[in-house]
Amino acid sequence: MSTGSLQPGGAHIPWPAPESRVGPRAATHVALAGLVALFAWSYYGSNIRLSDLFSYEGGLQIAAYIAKLFPPDLSPAVLQEAMKGTVETFAISFMGTLMAVAIALCVVFFSSRNLIYSGLLYEMEAKEQWRHTLRVLPYLIAKSLLNILRTIPEMVWALIFVFLVGLGPFPGVLALGVHTGGVLGKLFGEVLEDIDPQPVEALQSTGASRLQILFYGIVPQVLPQFISYTLYRWEVNIRVAAVLGFVGAGGLGQRIYIAISLFLENQLLTFIIAIYILVTIVDYLSAYLRRRAI
Amino acid sequence: MKRQDLSSISKESKSLFPYLFAFFFGIAFIDSWRRAGIAPLFFFEAQGREHLWKFVRGMFPPELSSQFLSLMLQPALETIQISVMGTLIAVLIGFPLGILATRTFSVSGILNDAEIKGAPARFAARYSIYFCARAVLSLFRSIPEFVWAFMFVRAVGLGPFPGVLAIGVAYGGMLGKVYSEIFEGANERPLEALQSTGANKMQTFCYGWLPQVLPNFVSYTLYRWECAVRASAILGLVGAGGLGQQIEISMRMFNFQEVLTLLAILFMMVAAVDFISAKVRAML
Chain A
0 MSTGSLQPGG
10 AHIPWPAPES
20 RVGPRAATHV
30 ALAGLVALFA
40 WSYYGSNIRL
50 SDLFSYEGGL
60 QIAAYIAKLF
70 PPDLSPAVLQ
80 EAMKGTVETF
90 AISFMGTLMA
100 VAIALCVVFF
110 SSRNLIYSGL
120 LYEMEAKEQW
130 RHTLRVLPYL
140 IAKSLLNILR
150 TIPEMVWALI
160 FVFLVGLGPF
170 PGVLALGVHT
180 GGVLGKLFGE
190 VLEDIDPQPV
200 EALQSTGASR
210 LQILFYGIVP
220 QVLPQFISYT
230 LYRWEVNIRV
240 AAVLGFVGAG
250 GLGQRIYIAI
260 SLFLENQLLT
270 FIIAIYILVT
280 IVDYLSAYLR
290 RRAI
Chain B
0 MKRQDLSSIS
10 KESKSLFPYL
20 FAFFFGIAFI
30 DSWRRAGIAP
40 LFFFEAQGRE
50 HLWKFVRGMF
60 PPELSSQFLS
70 LMLQPALETI
80 QISVMGTLIA
90 VLIGFPLGIL
100 ATRTFSVSGI
110 LNDAEIKGAP
120 ARFAARYSIY
130 FCARAVLSLF
140 RSIPEFVWAF
150 MFVRAVGLGP
160 FPGVLAIGVA
170 YGGMLGKVYS
180 EIFEGANERP
190 LEALQSTGAN
200 KMQTFCYGWL
210 PQVLPNFVSY
220 TLYRWECAVR
230 ASAILGLVGA
240 GGLGQQIEIS
250 MRMFNFQEVL
260 TLLAILFMMV
270 AAVDFISAKV
280 RAML
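Protein chains in written order, with numbering that gives the first Met the number 0: chain A, 0 to 293; chain B, 0 to 283.
What the hints contain is simulated information worked out from the structure, not anything from laboratory work. Honestly, I wouldn't trust all of these hints.
[Said to hold, decoys possible] When the alpha-carbon atoms are kept at most 30 Å apart in a straight line, the in silico DSS-like pairs for lysine-lysine are as follows:
{"hint": "1", "chain 1": "B", "residue 1": "K116", "chain 2": "B", "residue 2": "K53"}
{"hint": "2", "chain 1": "B", "residue 1": "K176", "chain 2": "B", "residue 2": "K278"}
{"hint": "3", "chain 1": "A", "residue 1": "K83", "chain 2": "A", "residue 2": "K142"}
{"hint": "4", "chain 1": "A", "residue 1": "K142", "chain 2": "B", "residue 2": "K278"}
{"hint": "5", "chain 1": "B", "residue 1": "K116", "chain 2": "B", "residue 2": "K176"}
{"hint": "6", "chain 1": "A", "residue 1": "K185", "chain 2": "B", "residue 2": "K278"}
{"hint": "7", "chain 1": "A", "residue 1": "K185", "chain 2": "B", "residue 2": "K176"}
{"hint": "8", "chain 1": "B", "residue 1": "K176", "chain 2": "A", "residue 2": "K67"}
{"hint": "9", "chain 1": "B", "residue 1": "K176", "chain 2": "B", "residue 2": "K200"}
{"hint": "10", "chain 1": "B", "residue 1": "K116", "chain 2": "A", "residue 2": "K142"}
{"hint": "11", "chain 1": "A", "residue 1": "K67", "chain 2": "A", "residue 2": "K83"}
It should be emphasised that the depicted structure is a prediction, and the values quoted were computed from it without experimental measurement.
Bound conformation, chain A alone:
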């Protein structure tokens, strides 16, 4: 049964499902056996030693580590450092998200099928092969560009940019901007390909040009969702920005890396608390802005 209603937030699933009365089929057994095999293979491959965790010594070790974290180091110097790291993390996520929006908006209008070569806007056009090709080409280029930006993880981008521009927060901004640009480009593209065609048709029938249709028929429809996705990615980015410092890209991550490496557990706890506060504040801020803007 392929239904679209299984996505989180999708339509409600009728209950009880009519097929629930049918017993399990052979395919189900095969799938389950495959799943068990996958788990067994992964278990041996990933070198799991549960005895390390649940044995008496293991428990003692973990308890000792947790005890070492307390109390958090609240001396003025560390607090100042934590504050600086927090603000820097905020700055990285903020600039990174803005850069991502800029990238996504530049690319997305080329990577949406209904805006660049097919659908309502191009129905009436003479079918000339060269013209069609000329339109499909930027579509393909934009689409594959977004794919590349998106598939390379932020941390790897950060490694690359640290090589290119040196240590500091700037490579972090670039890494976030480039990766999130790819993600937002894909999300924005899905929104654009999903628009209600009726306003577009109405505008077209009044003789509006394509640019006018874009600004008066399409952008007002998609703007709330664009804002919503952007805020969502900002929430993700603040978490990523907090660890980009692990590869030398500034923010709280750098301080955490140093604290863990030098066994400064008390400082580590301070920085973790700082992350927690920052993430919570940004979540609230983002929820507030979403309520106000949409």
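Chain A is fixed; fit chain B onto it per the hints.
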């Protein structure tokens, strides 16, 4: 009546919000620009151009010798194994905690209304369980998986195991939260029907609740598995096994040909996992 409505609308449109927003946005922008050390023209300057050129030229041709590829097979498989095991642990953590963190299961709602009425002590006990479960989940997911991974590398040593634990704990927190949201969104009527037949709480749970939410559970867990593959591919940057370790080594050795190959492997792996996960979801 109508007049009032209109006046309230016009008042709202004159609110200070846009100005305040623009003001704070401007301040945040200027300050962030300064703090993040943005240099927009960096790649047009001589040094930036030189580095960029060195990197791009260094990537080609990608390293495709069979020796290197066979050497990379093991970390690539390890990445998959870490993600599978990590997701399994995340489910084992997230499922029980997610149930306890569901208000309609542990505190109020049809299942509990009769029990907690006139029993404040029981209510307090239930509520504290609910609250603790929420707090643990929130703690697990608010510490990024990278920090978890680094801490576990310290605790249990290098290798894939800390990666598994990091993904298990961090994703357990996320899964638990989403599971509890899915639970709370479930239709209460089947529960009521079961309860009125005299089913106990366990039976109500298994026959009324679980069948409703299972497809959503599986779908979301698969989505998290996709994320786990991406995450486990890079957790190696802090020494937790998988492809990430190789990427970091190659990057630090300025072996960009190998970097390109590794990125291509990562690309294919992620695409394959997305494909499988989409197929499974379509079958549900």
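Next on the checklist: Hint check: K116/B vs K53/B, CA-CA at most 30 Å. Holds or violated?
Outcome noted: 72 Å, violated
Checklist entry - Is the hinted pair K116/B and K176/B satisfied, with a Cα-Cα distance of at most 30 Å? => result Distance of about 27 Å is within 30 Å: holds.
Next on the checklist: Hint check: K176/B vs K200/B, CA-CA at most 30 Å. Holds or violated?
Outcome noted: 22 Å, holds
Checklist entry - Are the Cα atoms of K116/B and K142/A separated by 30 Å or less? => result It is violated: about 58 Å lies between the C-alpha atoms, which goes past 30 Å.
Checklist entry - Does the structure keep K67/A and K83/A at a Cα separation of 30 Å or less? => result At roughly 24 Å apart (the allowed maximum being 30 Å), K83/A and K67/A satisfy the hint.
Checklist entry - Is the hinted pair K176/B and K278/B satisfied, with a Cα-Cα distance of at most 30 Å? => result 25 Å, holds
Item to check | Holds or violated: K176/B to K67/A, with C-alpha atoms at most 30 Å apart | outcome: Given pair K176/B, K67/A holds - Cα atoms ~29 Å apart, limit 30 Å.
Checklist entry - Holds or violated: are the alpha carbons of K142/A and K278/B at most 30 Å from each other? => result 22 Å, holds
Checklist entry - If you draw a straight line from the CA of K83/A to the CA of K142/A, is it 30 Å or shorter? => result Roughly 38 Å separates the two Cα atoms, so the pair is violated.
Next on the checklist: Run the distance test for K185/A versus K278/B: straight-line Cα separation, threshold 30 Å.
Outcome noted: Holds - the C-alpha atoms of K278/B and K185/A are around 20 Å apart, at most 30 Å.
Checklist entry - Taking 30 Å as the top limit, are the C-alpha atoms of K185/A and K176/B close enough? => result 26 Å, holds
Consistency note: the structure conflicts with the earlier hints numbered 1, 3, 10.
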